[in-house]
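Q: So that you can map any letter, position 75 of the sequence shown is 75 in full-length UniProt numbering, and since no number is skipped, the others follow by simple counting.
One should not assume that every hint holds.
Pair ranges (Cβ atoms, derived) [to be verified]:
#, residue 1, residue 2, range
1, E209, S34, 28 to 38 angstroms
2, T26, F64, 45 to 55 angstroms
3, K166, V56, 31 to 41 angstroms
In silico DSSO-like pairs for lysine-lysine, Cα to Cα no more than 27 angstroms straight-line [stated by the list, open to error]:
#, residue 1, residue 2
4, K154, K178
5, K63, K194
6, K154, K164
7, K8, K54
8, K54, K178
9, K102, K86
10, K164, K190
11, K190, K154
12, K131, K154
13, K194, K164
14, K109, K63
15, K86, K185
16, K30, K109
17, K131, K43
For the record, the hints were derived by calculation from the structure and aren't laboratory data. Note that the Cβ used here is the ideal one computed from N, Cα and C, for glycine as well.
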Amino acid sequence: MITRTVSKNPRTTRGNLVNDLQRAGTKVTKATISDTLRRQGLKSCSARRVPLLKPVHVLARLKFAREHFDDPEEDWENVIWSDETKIELFGKNSTCRVWRRKNAELHPKNTIPTVKHGGGNIMLWGCFSAKGPGRLIRVKERMNGAMYREILSKNLLPSARSLKMKHGWVFQHDNDPKHTARATKEWLCKKHFKVLEWPSQSPDLNPIEIFGGS
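Could you build all of it, start to finish, from the sequences and the hints given here?
A: Following this line, the structure appears as structure tokens:
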């Protein structure tokens with residue numbers, strides 16, 4: 001019963017299992033439950049936060065992966081990755097624990113879907129490439145399309161120069177409305193910046209997330 005219940009609902013707590021078994025006429029301790037699940041290869045872990053994906057997002061990510069599967073390493077070394085992130089100054093996001101097997105952290109039952117918004121007290125824009133970090137700036141006002149283009153105007157090309165990017169380098173940003181706005185697209189085109197086509201709801205594909213943690 002214990003393993004079956006956890007398989008159906010990985011977020012079940014040991015306390016819930018103790019109560020369920022008591023109602024069924026069996027008295028056990030939390031330690032016994034932990035030992036039983038451990039013998040089945042299950043342990044309590046923090047649920048992994050992942051993007052909330054709709055079927056259209058899954059297809060777009062799969063298309064992106066197939067299109068770039070055979071890209072040589074040199075191509076990725078010529079990409080400038082960018083993102084904005086909000087940093088919580090006080091407190092921390094709540095966590096949820098799940099019972100799962102080894103290497104099953106990304107199974108849908110063991111994850112917490114997230115969306116690209118939320119609270120925060122400091123907002124930053126930054127970029128980097130395989131050659132190192134580019135500029136990192138604090139955004140002091142609510143960002144709109146005009147401000148985003150101003151940030152790129154003052155920081156993107158200087159970052160590319162300091163990183164000594166090769167001719168034809170590629171710029172990556174996600175599908176935030178400020179990034180995909182017509183005025184932004186026209187500005188990027190006018191400046192002759194090559195932009196990497198990016199699947200929506202895919203912050204986990206951006207290596208800058210390792211640093212930003214957004």
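Q: Which numbered hints turn out to be false for this structure?
A: Numbers 9 and 17 - these are the hints that the structure violates, sorted from lowest upward.
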